[in-house]
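Protein chains: 6
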Amino acid sequence: MSNVKKIKYHFSGCGASFSDSDVVVFGAPFDGTVSFRPGTRFGPSAMRPDSYGLETYSPYLDDDLSNYKTCDFGDIVMPYGDKDLALLRIYETTKKILSAGKKPLMVGGEHLVTYGSVRAVFESYEDLHIIHLDAHTDLRKTYYDVELNHATVIKKCYDILGDGRIFQFGIRSGAKEEFHWAKKGHVTLHKYDLEGLDSVCKLLKDKPVYITIDLDVLDPSIFPGTGTPEPGGITFKELIEGFSYFLELENIVGADLVELAPNLDPSGVSTAVACKCLREMILIMNKK
Amino acid sequence: MSNVKKIKYHFSGCGASFSDSDVVVFGAPFDGTVSFRPGTRFGPSAMRPDSYGLETYSPYLDDDLSNYKTCDFGDIVMPYGDKDLALLRIYETTKKILSAGKKPLMVGGEHLVTYGSVRAVFESYEDLHIIHLDAHTDLRKTYYDVELNHATVIKKCYDILGDGRIFQFGIRSGAKEEFHWAKKGHVTLHKYDLEGLDSVCKLLKDKPVYITIDLDVLDPSIFPGTGTPEPGGITFKELIEGFSYFLELENIVGADLVELAPNLDPSGVSTAVACKCLREMILIMNKK
Amino acid sequence: MSNVKKIKYHFSGCGASFSDSDVVVFGAPFDGTVSFRPGTRFGPSAMRPDSYGLETYSPYLDDDLSNYKTCDFGDIVMPYGDKDLALLRIYETTKKILSAGKKPLMVGGEHLVTYGSVRAVFESYEDLHIIHLDAHTDLRKTYYDVELNHATVIKKCYDILGDGRIFQFGIRSGAKEEFHWAKKGHVTLHKYDLEGLDSVCKLLKDKPVYITIDLDVLDPSIFPGTGTPEPGGITFKELIEGFSYFLELENIVGADLVELAPNLDPSGVSTAVACKCLREMILIMNKK
Amino acid sequence: MSNVKKIKYHFSGCGASFSDSDVVVFGAPFDGTVSFRPGTRFGPSAMRPDSYGLETYSPYLDDDLSNYKTCDFGDIVMPYGDKDLALLRIYETTKKILSAGKKPLMVGGEHLVTYGSVRAVFESYEDLHIIHLDAHTDLRKTYYDVELNHATVIKKCYDILGDGRIFQFGIRSGAKEEFHWAKKGHVTLHKYDLEGLDSVCKLLKDKPVYITIDLDVLDPSIFPGTGTPEPGGITFKELIEGFSYFLELENIVGADLVELAPNLDPSGVSTAVACKCLREMILIMNKK
Amino acid sequence: MSNVKKIKYHFSGCGASFSDSDVVVFGAPFDGTVSFRPGTRFGPSAMRPDSYGLETYSPYLDDDLSNYKTCDFGDIVMPYGDKDLALLRIYETTKKILSAGKKPLMVGGEHLVTYGSVRAVFESYEDLHIIHLDAHTDLRKTYYDVELNHATVIKKCYDILGDGRIFQFGIRSGAKEEFHWAKKGHVTLHKYDLEGLDSVCKLLKDKPVYITIDLDVLDPSIFPGTGTPEPGGITFKELIEGFSYFLELENIVGADLVELAPNLDPSGVSTAVACKCLREMILIMNKK
Amino acid sequence: MSNVKKIKYHFSGCGASFSDSDVVVFGAPFDGTVSFRPGTRFGPSAMRPDSYGLETYSPYLDDDLSNYKTCDFGDIVMPYGDKDLALLRIYETTKKILSAGKKPLMVGGEHLVTYGSVRAVFESYEDLHIIHLDAHTDLRKTYYDVELNHATVIKKCYDILGDGRIFQFGIRSGAKEEFHWAKKGHVTLHKYDLEGLDSVCKLLKDKPVYITIDLDVLDPSIFPGTGTPEPGGITFKELIEGFSYFLELENIVGADLVELAPNLDPSGVSTAVACKCLREMILIMNKK
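Protein chains in written order, with the working numbering: chain E, -10 to 277; chain R, -10 to 277; chain P, -10 to 277; chain U, -10 to 277; chain A, -10 to 277; chain G, -10 to 277.
In isolation and in its complexed conformation, chain E is listed as follows:
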């Protein structure tokens, strides 16, 4: 039977054990507060098999997943219909990874999951900064009368971190009040594209940084599989260039990739895009 190989069920290139790994990937398949189109709960499970359609080698970084030991911790079972419990479990998982001296890399799920992870990371790094790539500001105080929500998540993170710690890029949608509130200096909001990301990465060189990437920062031409598509986004090549700036950061302490809703894109391209972003992020976080 030496020739019978079996198909693997972890993310491609993430077959190392928890204890051996520096970076730990896990899935947070929650989409319970979405107002428009749900489906991000299927993100991690769609990405795993399709990640094998991709090479482990990145020509952009001239590096290979096989050069590192990375663990796929699996997906957390989510208590659908209970967002507080969902966030608690994300918090606990992130804590466990941090306690072991490893870096968490979460795959969503909707953007609200970031709150569970950031809350845990902040407890380890008081001087935490956030780089936030997104089409949407996510700075509302409430949304449809609910406070804890995919549209309020960055505001909730701000409530933990405070002024001047959050840097937003690619933003092209939000309420007027959100843009104006940001302008007051609470957060740094860059509209439409990644201009300025280079400088911000240099600025935050030695700070502990959490990177949260709402994949809808990409133009829906290349990433249609998401709940609230916003035309006018960045191209994949621009995102890859953005990733190269992350190499400046010496202390990425956690990250997430959120808002893939795979079934909304039957071509599978969105899932392939998410997988390639995950590959690049794993390599970047391991390099540091």
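Accuracy of the hints is not assured; some may be wrong.
The list cannot tell twin chains apart, which means a pair is met if one copy fits it or any two copies do.
Computed cross-link-like contacts, BS3-like style, restricted to lysine-lysine with a CA-CA straight-line distance of at most 27 Å [stated by the list, open to error]:
1. K85 <-> K(-3)
2. K58 <-> K(-5)
3. K85 <-> K194
4. K(-6) <-> K85
5. K172 <-> K130
If you are wondering where the hints come from, they were derived from the structure by calculation, not from laboratory data.
Given chain E's structure and the hints, the job is docking chains R, P, U, A and G onto it.
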């Protein structure tokens, strides 16, 4: 401009005012506690335009929607991510309809919405009985650690109504414990099909009855557009026959049709099925 | 190169020349008057390649397409936006086939195309009778203010043929007026299924008969790919049984299969169903 | 019940009454002359619910739909199968809006609908000019033997307006004769992109201008949901830049957005794109 | 972290170790010889996550997967483009399971995979009989000039087993020659449905039996997700009744479920059907 | 009947006879060695009807298919499950075209088909060079233990042609070893885009050149319908610019367009893109 007609936005045949109507239809587009595949939130909005692909005349009942005044009350805005608030709003809407001496006919949404409506109806009719058509028992106490959930909804209704008031038909899926608990006589559970519905309708002739139809009672061959399809269900002709038994009931005080997830069936057949069931139910409730 | 075979572009089993054939199949890809969901224009072009997924041998009839010479005449180019011109071209094509002493078997397109074909057939057979399988009566006088329309087509045929010549089966949708008008004896309308088709075929044994099959007579569980799906239809096995009655007819002078909208059924099942019906009809028409 | 909000059925931000509004949006869901893939009839009905997935605030214009009163007049019922009657109804609707001193903004439907609207606008503004964004020339004299057709519509408008009044941008498909006819100066045809739109808007500063946007001017990467996709189109960012030039026009007297076929793009991105274009156009027309 | 549960990647109810289990499930995701529509390679990977949408309890058998220890051995990596190597790996895997005294239950993949498994089982059980549920005879000698093929697989099994060992049910498609060859008594072919399965199971009571279920034996109304849909098949209830006959068999030594092509059925119903069949087969094989 | 036109079944503009034509197009619908998602077998059959949605006139080249005589030779019947036989038939077909002094233009199918064609072309042109546009290197020696495979095809061509003959563009995916092997000078590999194609075309001006275009060289935003989408590709405008460089080549002796999997892109855009590329390539090959 006398020839320029405009397209209507209410359910076909439901253009009467609230005050003129005996039966009031409303949408409850909530799917926040679903464990497998979401999407029932789009049920009511998919049904409205497609209801015009259907005649207002029913050859089964030899009756026509145009013979009655029925109001489409519209869809309630749902606070996504907050099931308690969602149920409260359904409760309030149902109360308003009942207070005006009218009969509520709710279109889901996931099955949990029934709880909001039944709670209100029970306050008006202490002797309330429920006829429940479904593939699933929905009799769990908790599901994924959550108590208020699409899989526990009939158990929650039982907690209000008590023993002997609930009659289930078409059931073909559940945990062993649910089937055994039902067998103890708490509820009357008929497996697989509608056998016995005839007798139950005669038995409940003069009782106040709430009818809740989880459309997944139908075989997924004819109703694939639902979150948890269960092969082995009833045919559409069997359901139509079942509807004819409802004519025995002299006091249908409320009803609902739930669990259409229209995007899961790109052919549109499931939506057409739901629309035809709605037409029949409106006619049946108006006849009484 | 003797082993290099090329893929054929005619319906499977229909590779004979026009002059060699008794039965001539042609496509009428028109859907310009549809009120709900268009797409039947793609019926014939979807059926051709998929007809090769099917055997040429029918176990139902113990007969094989290879036992006969049948011509695929191709599809007529339709002047989209001009229904009169479209019907004229169908009329001309049917005339040409009849003039050559052959039997036309048209593949739609929407049901209106039948009018063009029946008009031509009636000119050859004054005593023409029609057997009509459909979910819908198609007996309106006008529809959305338009007289020539997929919902008025059988009424238009009636205007040519007169009382007592049209026999409808499987009908389960229509306006009240249509059912009542039929009841007066103008046409014979059988509701819901094919009950009575056996007797009608015996009755019309030696009459010239045109068979028009709106495939939505089938339940949408097995034929979802159609513009206006109507649950409660017949099963495929019932249709096959109905086909066996056609063998009683000694003078089938023309036929059509209409209302496949292949893109509405991404599974391809509806197209497979239409192909199998076409195979059976070709065999039945050749046997006579 | 003060907290129970109901879902609205008009385009987002268009809830004002007819009499209160300067700009009146209406739907013309007609696709009866399409030669390739139909489905634009579903454009307006798909856009209404999805328009709520979008903010009312435009960061591009730093303006908000809530700053204006805009009326959604609804969709006209179309007499399918009768293009003349369809155009008549569009004409009548546009007349009604113009008579009340308001600006019509029509949502198609196929491009032929523009002819009904332009005919009405021309009766009010003899010096009318047209800015036409499209992938296709639409300058044929006949198409498939039919004169009034989605591929002849701009030629038909030219027949009303005469030489030098029509400015085309983004054109990348047509018959050789169409390009050559345009070159003779009858219309001004800019190939491939919006280069020159800036100057044209300055040139037409004080003229009455009708803007017709066939959304397939966009590259199908961002707008796949259209009947005849033509690769090589403009990006969404280029279109947004084009919109900024429209602010130069002081007298936009009417406009339309056509050729969204929502079901051809199951991801919903095309519908989102159309909604964002509609938002921008409403703001631009209100600003003037 | 005691409350953080992780999602499992094996078939629902199949979490036992290889050594603990009597029945071993494995996936053979091969579809390299398909002539019409490929995609069965995605069968096992689509079934695993969706198997959790199903209960582990079967009301039909009043039994639960949790009553047994069953191992999910995973999917074999297939050498795409090399059918001989693919069959060899299936053979080796089946041998390994048999050598350990366990029963293999293979999930395809296309029907050709059965040949690899049957070849191994036959080496352990010389008196092997096969019960074959299918829409197609699969008795060709060659297909498109190729001998080893999804359309020849049962003929290849016959070549191993010899006359009188194979019992076919549900057959409704094949070449005339295949039906005639079968009639000579080489195999027992039952057309259209499962009539006679009861008797055959009694007849084979104490024989070693391999059961191969091509899921296209089901009517495509309930199982559209397969490469070559054949209308006129059995209902799910008929299949469940057929399963009850299998309880008569005292020596089921192996089995397979093949021909699910999940992407051809975007509703997910076909995958749900396959999962339920798998649950029933696991229970039946464990009971014995 | 003079007005009844029939729909044609060859590629638009390719209705000339074999003997009259300089360029002969044929389909090679084979996808038997694909490792990830199959479906390219449907490429040619999807392109034929959709090619009529496109004009025969190219504004890019100011040239028209009607200016040349081009033959559509049809599609080769492929022996599914036997890649050697498939390649043999492609080889034989290409030989036949070359023997008649014509230029073959093959439409795939998966990329492996190129090997059959190149092998034949090389026998006529010993000094053959290849220009290869692709996202993937396709330079593996074996893939999943199989040597002849879509991922090894260019390496197999290299084995025929030798060092320095192959020029790759747009490459953004491959194993580390492939990139390094290429770097040694065996082939010339240009990463990410078409930079350098201009010079290469000038360099190869008078050499016999075979052009193989794996359409996944395009970004999946514009070409999602392919088995292994790789974000970060070139735009359609860049490809059109690349085509203009091909006009420098004086001796294009053969070409192919491969890897369209039409069903993976339900919007039809990918098929439209492939058709437009085919139109341009036919014009370019005829011009020479």
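*Where does the structure disagree with the numbered hints, that is, which hint numbers, in rising order?*
When the structure is compared with the hints, none of them turns out to be violated.
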